[in-house]
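*Asks:* Listed here are the chains, written in short residue letters.
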Amino acid sequence: MVKVFIYPSTSLILSDMVERFGHNPLGAAIAIRERIQTPGFDSPPLQMTPEDPKKGLKYAAVEVPSGVRGRMALFGPMIEEAEAAIIINDSDLAFGCMGCARTNELVKFSIRKRKEIPILELKYPSSEEEGIAFVGAIKEFLEGLSKNTGGMEE
Amino acid sequence: MANKPYKPDYTGTITKYVFIESPDTTPQTLAIRAYELSEGVMIKETCFGLQITGKPEEVNNIIIQLRNIDPTHIFVKDRAFPPGDPRRCRANLGGARPGYFGHEFEMRLIKYISKGLLESDSKKGYNKDILSKLKKKSTDKLPAEKLQKIIETQEP
Chain A
1 MVKVFIYPST SLILSDMVER FGHNPLGAAI AIRERIQTPG FDSPPLQMTP
51 EDPKKGLKYA AVEVPSGVRG RMALFGPMIE EAEAAIIIND SDLAFGCMGC
101 ARTNELVKFS IRKRKEIPIL ELKYPSSEEE GIAFVGAIKE FLEGLSKNTG
151 GMEE
Chain B
155 MANKPYKPDY TGTITKYVFI ESPDTTPQTL AIRAYELSEG VMIKETCFGL
205 QITGKPEEVN NIIIQLRNID PTHIFVKDRA FPPGDPRRCR ANLGGARPGY
255 FGHEFEMRLI KYISKGLLES DSKKGYNKDI LSKLKKKSTD KLPAEKLQKI
305 IETQEP
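Protein sequence lines correspond, in order, to chains A and B. Here the first sequence stands for residues 1 to 154, numbered as in the numbering used here. Here the second sequence stands for residues 155 to 310, numbered as in the numbering used here.
Just chain B, with the same shape it has in the complex (with noise of 0.2 Å):
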């Protein structure tokens, strides 16, 4: 069988993901911003924030200026493919997006870190002995009744 040649899409971008969790900010507000700043670069907005897609100094330039917004609110990773490839997007694929539940999971942990960022310029500190037990690695087996759970919630 032939090889097809593979032509990439948007070589030389970078497709960066801006969530947002904030009482008082909202994506709509986060995007009409980050339009205001794109100057060409692609936005795209989502239900947890936006996704921005360019030539790399451009969308750092952007991501850092949304980023006093609300700072300790706005968290930024990386993403490989661009909006709406077909290889992701889920308007091909069907259900939610691969990696959609590894961010779920992160995002019901956020408010945690958002405080944690609230407090981390103050010189009370942390405490320590709660930092060893965060440290400690656990050498526990996994529990049949958590694995009986995971079980229980897989998708059919």
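Just chain A, same shape as in the assembly (with noise of 0.2 Å):
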């Protein structure tokens, strides 16, 4: 079972179809799931305490704004931890509530940056050819992903 990072972090899509060929999806639920069923002090509404957005230093300077650094403390161990990736480019669904735009780019450029793991970047699929094609590069990205790990499949 191989961690997948997924981008969009909130994609239904994909992260039925990382379960569904047996692996393991990195998303935003899985963090803040961390946060939220964790002890402390209250900070609500997400439980991300003062000591996030510090974290978050690692991936972005101190002038830039708390909301990318707080995003960043989320996603950037995923990122660390993942050892594949799917990135779904120009959706639409990650213009607006799923947070800014600047954190987005920062995302898909340190999973790129992350050159030793396999990435697969595709669009959104709009007719029923381009959903063939679609499950069936996802498919594939995965199942290759299944036999490169060689006995790590449970």
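Do not take every clue at face value.
As the list claims (entries may be wrong) - Below, a list of computed lysine-lysine pairs in the DSSO-like style, where the Cα atoms sit at most 27 Å apart:
hint, chain 1, residue 1, chain 2, residue 2
1, A, K139, B, K282
2, B, K291, A, K115
3, B, K291, A, K108
It is worth saying that the hints were derived from the structure and are not from the lab.
Take the two lone chains and join them into the complex the hints point to.
*Replies:* Dropping the structure here:
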């Protein structure tokens, strides 16, 4: 089972496909769940403590808005942990409420910088033929990961 | 100002969304089957499917069995918050729940994914030209017309 970082990190389609083909999706829900299930001091609404933007300093400089650093405190460790990644480019849903565009650019940049891991980049399908190619490519990519990891399969 | 202690609910559990977009199966059918399998796991029925909260192995077990009902039309993803959490529940916030718009966008495309999953086992394979089009990175800037459309679709 390989840890696959997904972008957009809230994507239902990617999360489902990674899990369906036997791997472990790393998305926003995993990082946020970890925070909201950890007891400590009340820091509503997402239990992002003042420590988190400090952790984000590893990925973005101090003059960068704390929102970017806070988000990178969630995504940065997952990108480091990832053994593969799937990116959907030009996704409309990543434009608005998912987070700010600069964080998204930094997330994609950080993934592409990890040249040692396999990365698949696609766009959302807009027809049945594209859907077939989209699913086929993701399936091939994820099945290839199982072969490359050899005996790690459960 | 003194910090208030934070005691999380449902520690050690996971919550998963189960979406169904099928011509044959309704969320109600899925919910009834999930209740049959639940054995104490918390299940919340929604208009798009279910939310299941419980210990990881129990939730995963139910999801494996639910997927068998309609494998190409059932989609699952993780959720950070348990159902009814006042920080996310729209009963407390009003309006659509944060994250709903992302789901709404992807649910419009899900029929293409279902078709892709149906065809994924066939020997026909997929069209490589179409795939290369999907892989091509766009270098275009955001067109002014599209920006205008985005602005107009914003809620006041």
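*Asks:* Compare the structure with each hint and give your call.
*Replies:* Going through the hints against the structure:
Proposed proximity of A/K139 and B/K282 is supported: the alpha carbons are some 14 Å apart, at most 27 Å. Proximity of B/K291 to A/K115 is assessed by CA-CA distance (about 18 Å); at most 27 Å being required, the pair is judged to hold. The hinted pair formed by B/K291 and A/K108 meets the criterion: a straight-line CA distance of about 13 Å does not exceed 27 Å.
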